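Asks: Using the sequences plus the hints, can you model the full thing?
Chains as they are written, first to last, in the numbering used here: chain A, 1 to 502; chain B, 503 to 1004; chain C, 1005 to 1506; chain D, 1507 to 2008.
Hints are computed from structural coordinates only; laboratory data are not their basis.
Since this is a predicted model, take the numbers as computed values, not measurements.
Wrong hints could be hidden among the right ones.
[As the list claims (entries may be wrong)] To give an idea of the interface, some chain B residues facing chain D are shown, with a C-beta separation under 10 Å as derived from the structure:
id: 1; residue: 570
id: 2; residue: 571
id: 3; residue: 574
id: 4; residue: 575
id: 5; residue: 577
id: 6; residue: 681
id: 7; residue: 706
id: 8; residue: 708
id: 9; residue: 750
id: 10; residue: 751
id: 11; residue: 765
[Claimed, not checked] 25 Å max Cα-Cα, derived BS3-like pairs, lysine-lysine:
id: 12; chain 1: C; residue 1: 1492; chain 2: D; residue 2: 1994
id: 13; chain 1: D; residue 1: 1609; chain 2: D; residue 2: 1592
id: 14; chain 1: C; residue 1: 1029; chain 2: C; residue 2: 1090
id: 15; chain 1: D; residue 1: 1958; chain 2: D; residue 2: 1863
id: 16; chain 1: C; residue 1: 1488; chain 2: D; residue 2: 1846
id: 17; chain 1: B; residue 1: 990; chain 2: A; residue 2: 488
id: 18; chain 1: A; residue 1: 340; chain 2: B; residue 2: 588
id: 19; chain 1: A; residue 1: 484; chain 2: B; residue 2: 842
id: 20; chain 1: A; residue 1: 488; chain 2: B; residue 2: 986
id: 21; chain 1: D; residue 1: 1592; chain 2: D; residue 2: 1528
id: 22; chain 1: D; residue 1: 1596; chain 2: C; residue 2: 1344
id: 23; chain 1: D; residue 1: 1596; chain 2: A; residue 2: 90
id: 24; chain 1: D; residue 1: 1609; chain 2: A; residue 2: 86
id: 25; chain 1: C; residue 1: 1094; chain 2: B; residue 2: 588
Ideal placement from N, C-alpha and C gives every residue a C-beta, glycine not left out.
Number of protein chains: 4
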Amino acid sequence: MKVLTEEYEQHNFYEEDKFLQKILKKYMTSDMFSYADKNLREFGQRAAGPIDERAVHTDREGQPRLERYDKYGEEVSRVWVNEGYKQTVKETYETGIVGYVHKNIPELGEKGTYTYSFAQGYLLSQAEPGFYCPVTLTMATAYLLDHYGGEELKETYLPHVLATGDMELYEGATFLTERQGGSDVGANVVEAVSIGEDYYLYGEKYFASNAGMCGVAMVLARMEDSKEGSRGLSLFLVPWEGGNIRIRRLKDKLGVRAVPSAEVEFTGAKAYLVGEADRGFYYMMEALNLSRICNAVASLGIMRRSYTEALLYADGRNAFGRRLAGFPMIQQTLQELRMKLEKETAAVFEMVQLYEKVTNGTASFEEEALNRLLIAIMKKETAEKSIEFAHEAIEMHGGNGYIEDFVTPRLLRDAQVLTVWEGTANILALELLRLINKYEAHTLFIKMLREKSTDGMEKRIDGMEERLLRFAGLEETEKELEAKSLMKDMAILFEDVIYEQL
Amino acid sequence: MKVLTEEYEQHNFYEEDKFLQKILKKYMTSDMFSYADKNLREFGQRAAGPIDERAVHTDREGQPRLERYDKYGEEVSRVWVNEGYKQTVKETYETGIVGYVHKNIPELGEKGTYTYSFAQGYLLSQAEPGFYCPVTLTMATAYLLDHYGGEELKETYLPHVLATGDMELYEGATFLTERQGGSDVGANVVEAVSIGEDYYLYGEKYFASNAGMCGVAMVLARMEDSKEGSRGLSLFLVPWEGGNIRIRRLKDKLGVRAVPSAEVEFTGAKAYLVGEADRGFYYMMEALNLSRICNAVASLGIMRRSYTEALLYADGRNAFGRRLAGFPMIQQTLQELRMKLEKETAAVFEMVQLYEKVTNGTASFEEEALNRLLIAIMKKETAEKSIEFAHEAIEMHGGNGYIEDFVTPRLLRDAQVLTVWEGTANILALELLRLINKYEAHTLFIKMLREKSTDGMEKRIDGMEERLLRFAGLEETEKELEAKSLMKDMAILFEDVIYEQL
Amino acid sequence: MKVLTEEYEQHNFYEEDKFLQKILKKYMTSDMFSYADKNLREFGQRAAGPIDERAVHTDREGQPRLERYDKYGEEVSRVWVNEGYKQTVKETYETGIVGYVHKNIPELGEKGTYTYSFAQGYLLSQAEPGFYCPVTLTMATAYLLDHYGGEELKETYLPHVLATGDMELYEGATFLTERQGGSDVGANVVEAVSIGEDYYLYGEKYFASNAGMCGVAMVLARMEDSKEGSRGLSLFLVPWEGGNIRIRRLKDKLGVRAVPSAEVEFTGAKAYLVGEADRGFYYMMEALNLSRICNAVASLGIMRRSYTEALLYADGRNAFGRRLAGFPMIQQTLQELRMKLEKETAAVFEMVQLYEKVTNGTASFEEEALNRLLIAIMKKETAEKSIEFAHEAIEMHGGNGYIEDFVTPRLLRDAQVLTVWEGTANILALELLRLINKYEAHTLFIKMLREKSTDGMEKRIDGMEERLLRFAGLEETEKELEAKSLMKDMAILFEDVIYEQL
Amino acid sequence: MKVLTEEYEQHNFYEEDKFLQKILKKYMTSDMFSYADKNLREFGQRAAGPIDERAVHTDREGQPRLERYDKYGEEVSRVWVNEGYKQTVKETYETGIVGYVHKNIPELGEKGTYTYSFAQGYLLSQAEPGFYCPVTLTMATAYLLDHYGGEELKETYLPHVLATGDMELYEGATFLTERQGGSDVGANVVEAVSIGEDYYLYGEKYFASNAGMCGVAMVLARMEDSKEGSRGLSLFLVPWEGGNIRIRRLKDKLGVRAVPSAEVEFTGAKAYLVGEADRGFYYMMEALNLSRICNAVASLGIMRRSYTEALLYADGRNAFGRRLAGFPMIQQTLQELRMKLEKETAAVFEMVQLYEKVTNGTASFEEEALNRLLIAIMKKETAEKSIEFAHEAIEMHGGNGYIEDFVTPRLLRDAQVLTVWEGTANILALELLRLINKYEAHTLFIKMLREKSTDGMEKRIDGMEERLLRFAGLEETEKELEAKSLMKDMAILFEDVIYEQL
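Replies: Next comes the structure, spelled out in structure tokens:
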């Protein structure tokens, strides 16, 4: 029996990714780049090697498992993870993927950047977005705590959330969604009861990712005397070890099976107010913006993995007497994938530069609005593309692509979540409307394009300007109906502008 | 805790599907329709009820399992299926989904039609395409045996393949693909060794669906003295009980987990030649055409299920103070889904009418070519749409849509195979080229459109004619690069023409 | 490769069991025997065939599974069982294994007997005691309802509990054990709160077998004003559909995996008082006596299966140039097993005759005490022997015996429960003490032996009498220390006496 | 709800085992003891902690899994083990459990002893005999290689087999059993074909423990021109990486699920002759003696764990108003278990002292025969007792003891193998007969007892002498029938003699 194919496998997600290296070089100081280049080379190997191997096991038979009761029948709500999983957690956080965004990198004597963190996230997601998800939740937790936490709270918890091997790590989590509400966070009913200075939470969260694994969770709840809707929600930090938290079940998800997503019941869990009362929704929306960037980064990771898997298979496999990669249709597909991947990568990392300013506090009010706009359109576009890429990778493999021995089915299953969590297309479209109606974000978008663009793009920008102005004048219902296709075109134009000027 | 939603569930896949009823009425004699209407009503209930319930179990924990060795260590290569699975097999075949295409329906005193069979397939696929797959393989087996089998072979096996409860059922299977070849069937190496009048097969098949469950398999193999390539392949009937067949493993597929797809080794399996030697590839391509229609029908099933699940969820679920179905964006999505579903359903059943002629032997040579063309473009379009529909159903459910407790993830996983098996988009594009180059099928296509169309469509048809003529004159490589987008537009135009004249 | 062994398999558990037939003939009227013989022949085939096959699946991958929440997150506490399981339930109850103990056998125009029911249980247990367990719980439920239920309760529920295909079957269950109490039932704390005439249960049961499958459960609970200890417990019938019952989890048992054993929480379940208030413990102890006989019958089933498996393997397998069965050591083992099996079978069915009198209400007070004594010693002895038999069957198979492809590991795992539930050896020893101290049951035992025995046994009976009298005079602590070895000797003597006079 | 019990758990298997410490002190030099005491304290903690935790996972969901084919369909026959498993392997071998029997302990500058190795095995088996099994196979491999391997072979492989972290570890394995033969090793048919100086194996082994995990396997095979029966078997070393080895399947064992036991096919595996041709059976019987001691040690481990689990549960659990441990029956059981455990531990370690002499080459011919006798009777007795202990531990826990959340079911499942592998009771009885008939081993036994015994034992020894002499004069068939009960009594007397003189 002739061998089907030589094994064309990747051994380092970073090393051969010249485009990523180019992007990082562009956006990093030279010190930072030289640090990052060295460390990403190492992490890229680990991600393509043991982390990927553990991802396979975790996805198939080794996924997190709820131990709701102990052997004596006591409710314990522990989440079991396999030992390789623990190793991946350790290896990932010790790179500073969360910590060095907020604290100094010892070798450099200065803080890292989101850019560096997202580069790591992009590599990690090529192995498994389900491992990246807890990281992003920990990033959001760190953000909220660092920006809004009181001094005592920060002192107690932040070092653990930022741990890089120097102390016990507390992973984070953000619990928003409730059963009756879904994306409609304002409908939430979890209650924060105060006894003296202390708060105790009661109620249920429905998609509580990283439950049972996190050391602290950031939770939206309503104080007893607060008003209805999103303006009556406060943000609380809940230490997991404080108890009175039950996990009803872990969600049986299509993909990203590595992260335990739970239905959680608070039965009087000790909680600490973060920031001002009733401002929780506002804080959480900020964290959500960060999570949406993370989502885009994970999408890039899946796109990259899908592309390289397709490429390697096409190189290694024969049909009708020649290499797959020799067929024009195949070449066309691969070429289109590569082009789209590079454009989106460039666009996302450009957007991240603006985000660095926003989180630094050096951005103008307009830049903040523009930032949100870019995040909304890029989150949507990258997520949709990641599904398409995964699908193309499957088709490139033919029947093999549909078999779970190959990574392709997992890529598709994982990709699918990226359009769903952190806001579906509909939710993002409503965000676009809000930004246009309230901040005229469309004019900021055009202005930015004009500044960034090279000569040849003018006409397309003019056309977009016209379209946006017309759009801004529509009835709300008409806007809703057009918003999604508009966002797609905005994303493509943004990508082309950025890619041209590289 | 407020209830998330009342349970909006379907109880009969046929009863509320007025569009299907309209289509069937149009294409069936009144006797046939009245028979079909009654029986589909019953089958639609069963499919939405117990068959769907068993599909869930079969997909998750109860999937077919290979018992390669018995307890004494002897190689047995048995496939275990759960008891509900057996019940579904029984209930499905006894409707005559295969049998009545080739033999009389007792109540009517005449044969059934493919139209009726596909209506059943469409309902069944709403529960689980993985259950429909073995049926379609049995259909292909019946077709091959009925059209090309010698008298003795037909006498022995055909009644079992067509069994409707009157005798032991032999499910069928078609084994084409080999490890080294994939879609390149001509590269096959399974050998048929003759000893006297008998043939014995040696070699390996790589995607052998229904292995271990089938009573007879139709297998392509090369006789010792036959030439290389597809013109040296002969078709054989292999009775499973004849032995000397090993199942190496069952494929761990992303979806359609109900059908056991295996890697099979023939180690001297007794085989009977079907039709003429060296004509096997030709026969199998005919069977493949049938399978592609089945594929389109399964796609329609997934689209229908996705649509109704999305609709019911949108009706039952509240967000931001109103029913989901009250939001313009949601209404738009649902409306677009419904429209596309109806158009594709109409187009596929129109295509089936031509197929009835072809298999009746009453079609002209041109009609045969046109039929192949339609099959290629509709197979491609419906498969791609079924994935899109499944994706939309997930998004409509938000986070819930990603959870395996809902049917949506299974719809996506199942849909994904439909673009892959029976020919990927690339393979179908090559088929288009062949039909245009060899039979000028593009002119037949335009001619048919003109005949079928109502007045308003002329311009679009003219445009397509122009494009096709230009396309037919391109270099092969250029053709390859354009073929897939062309096929999509052809499919859409065909659908619109058919839908308009309903 | 030479075949390891021809397949020596059983096809009917009844047909070749001449000893059982002899026993049944002895204890049944001729009409009853001729009915039973015909039906057991059929059931013996089913038990050795499909029921055994389903038992394998149910034990390994198909065991009952808790669905605690539905897809919408609502607590439902449903127990899923596989479809073959449902078929076994149907096929078993329709033989009248429960029903005909309490209602007429249509063909005979008279009620069946426990003897007949136990014969069925003995056959069923050869396939799987885990399937017999729910039956025995339903027997206990029927017993309690028939003897102590009020008229209305009986009218509503008894026909369902006794259903033989004529109406919907309600399986039964008996919930005694609590987490803090275990065998110490008097420590129970489940509360029955009365509101008007109705009762509602609150609290937790810890080994609730058949939870989720039963239609009605018989539950011990304490009324609000009842005293502590076993004398404050009342018996309630709880209809499962009445709701407010949660299943926390199913026990992950070593064996008898077919029966779902649960931790159950009552959160206000509607309940109906059975019999008089505060007499529940007394009623339940009666039911427990029945369950202990069932336990002995299941033990016989395992012994029989172990013996026949060992015998067939020894017949079929060669080692060192001859059949295993040709070795003296093997012959000796098989002979000892057969002898013990026959003695215990005879003794248990003899004991059952007395039990028939007791439940008929025709037994004297002394006979009732004697009956309890026999049940205690025979429950203990048969359970211990069933483990030994299973162990011997494993050893007879050598390494194969340890492999789950063979039935032997399951026999051992199942057997192990029989010493544990319905009272461990220690609990049974305390029962012996109680019967001796309170009813002088030891003298009744000796009297009975003298009546039943043939001539040659006198000396042994004299010896036992002496020993019992001495024992009865010991301090309680000394009694406790000797009780278990005494019971063993009593059991052996009883068996020998009964066996001699056959 | 009141808590069922405080958690009474062990944290170090060595520290509280004063009896073991006493035994080791007696049999070790003071340097060795002080080294051992320190290291066992550490290992005892690890075994009771992480190793035990991993054992639970490995037994339930994480057991070794065969990957027979890679994703491309190539036969690879890899065995997957979980990452914790690998950690346990590392932690165990680095203690020198195998290595230091054959090479110097760096801290001491001298070799370790079997006594020390067995002490480790006894602790490890308390966590999981399934982890100890591969160790014992590696011990046997080291023994065979060290004693009989040629210089080149030893140089190449022995350092790896003895690795303690200094180089890559090659675990060992011994493949004897074949499908048709079972214990009748002389019936083996695996063939060694020589091509020039090299050997290549063909054929099948049926219980090949540690297949896929081992670096080298010691395999019995028959050279082409060798005679039938056990005298025609040669011993070969097969490096696993040499290829041409297929694993058909892993055995689905009742217990010791940690060790992968396989059906293996050699299809031309490269092999190296160990020692002289045709002497393989003789060598392997020596290795088997070592394995039988390991088996006895594992039995002690299970007994110890069973005893401590029972003790702790009885201490922690209340019933009928007092601690379980307060009941006379419970005290009696615990006391009997402790006594038997200590006696067997003492007897086994006494026997090991003689074994040290035998493997040192300092034993007389008579001592060798006596050693074999002791091994046979002690293997049998300890294995049987380990089952009994596990059973008692279950009963002590009542219903809980039957639930897999507790360690008790695993103890029983694991114990069960100990009577089966390395020779069933029947096989051991035949060994006794051989030793008596050929070496008058019974007189050596009596002589040894007289030397070791304290005054009070004379009468019992006289009785045994008389019985043995009578026994030695019986017909073979009569001997066979009495052998097993005789062995039991010999074991008990031996234990009592050793225990008395402690």
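Asks: Against this structure, judge whether each hint is valid.
Replies: Consistency of the hints with the structure:
1. Given hint, residue 570/B at the interface with chain D, holds; its Cβ is 7 Å from that chain's nearest Cβ, closer than 10 Å.
2. With 10 Å as the threshold, the beta carbon of residue 571/B comes within range of chain D, its nearest partner Cβ sitting at about 6 Å, so the hint holds.
3. The restraint placing residue 574/B at the interface with chain D holds, with a minimum CB-CB distance near 8 Å, inside the 10 Å limit.
4. At its closest, the beta carbon of residue 575/B sits 5 Å from a beta carbon of chain D; the interface hint therefore holds under the 10 Å criterion.
5. Annotation: residue 577/B was flagged as interfacial toward chain D, and the flag holds, the nearest CB pair being 8 Å apart, inside 10 Å.
6. A least Cβ separation of about 5 Å between residue 681/B and chain D falls short of the 10 Å threshold, and the interface hint therefore holds.
7. Interface restraint check: residue 706/B against chain D, minimum CB-CB distance 8 Å, threshold 10 Å, status holds.
8. Hint status for residue 708/B relative to chain D: holds, with the closest Cβ pair at about 7 Å, below 10 Å.
9. With its C-beta approaching chain D no nearer than about 6 Å, residue 750/B sits inside the 10 Å limit, and its interface hint holds.
10. Annotation: residue 751/B was flagged as interfacial toward chain D, and the flag holds, the nearest CB pair being 6 Å apart, inside 10 Å.
11. A cut of 10 Å between beta carbons decides the hint on residue 765/B: the least distance to chain D is about 6 Å, and the hint holds.
12. Proximity of residue 1492/C to residue 1994/D is assessed by CA-CA distance (about 21 Å); at most 25 Å being required, the pair is judged to hold.
13. For the suggested pair residue 1609/D and residue 1592/D, the alpha carbons sit about 23 Å apart, so the restraint of at most 25 Å is met.
14. Taken as a hint, the residue 1029/C and residue 1090/C pair is broken in the structure, with Cα atoms around 32 Å apart against an allowance of 25 Å.
15. The suggested pairing of residue 1958/D with residue 1863/D holds, with an alpha-carbon distance near 17 Å, which does not exceed 25 Å.
16. Using a Cα cut-off of 25 Å, the hinted pair residue 1488/C and residue 1846/D holds, with the two alpha carbons roughly 19 Å apart.
17. Of the supplied pair hints, the one linking residue 990/B and residue 488/A holds, its CA atoms being roughly 21 Å apart against a limit of 25 Å.
18. Proposed proximity of residue 340/A and residue 588/B is contradicted: the alpha carbons are some 47 Å apart, above 25 Å.
19. Using a Cα cut-off of 25 Å, the hinted pair residue 484/A and residue 842/B holds, with the two alpha carbons roughly 19 Å apart.
20. This hinted pair checks out: residue 488/A and residue 986/B have alpha carbons roughly 22 Å apart, not beyond 25 Å.
21. For the hint linking residue 1592/D to residue 1528/D, the alpha-carbon distance of about 33 Å lies beyond 25 Å, and the restraint is violated.
22. At roughly 49 Å between alpha-carbon atoms, residue 1596/D and residue 1344/C are farther apart than 25 Å, so this suggested pair is violated.
23. Among the hinted pairs, residue 1596/D with residue 90/A is consistent with the structure: their alpha-carbon atoms are about 20 Å apart, no more than 25 Å.
24. Between residue 1609/D and residue 86/A the alpha-carbon distance is near 35 Å, which puts this suggested pair outside the 25 Å criterion.
25. Proposed proximity of residue 1094/C and residue 588/B is supported: the alpha carbons are some 18 Å apart, at most 25 Å.
In this structure, the earlier hints numbered 14, 18, 21, 22, 24 are contradicted, and the remaining ones agree with it.
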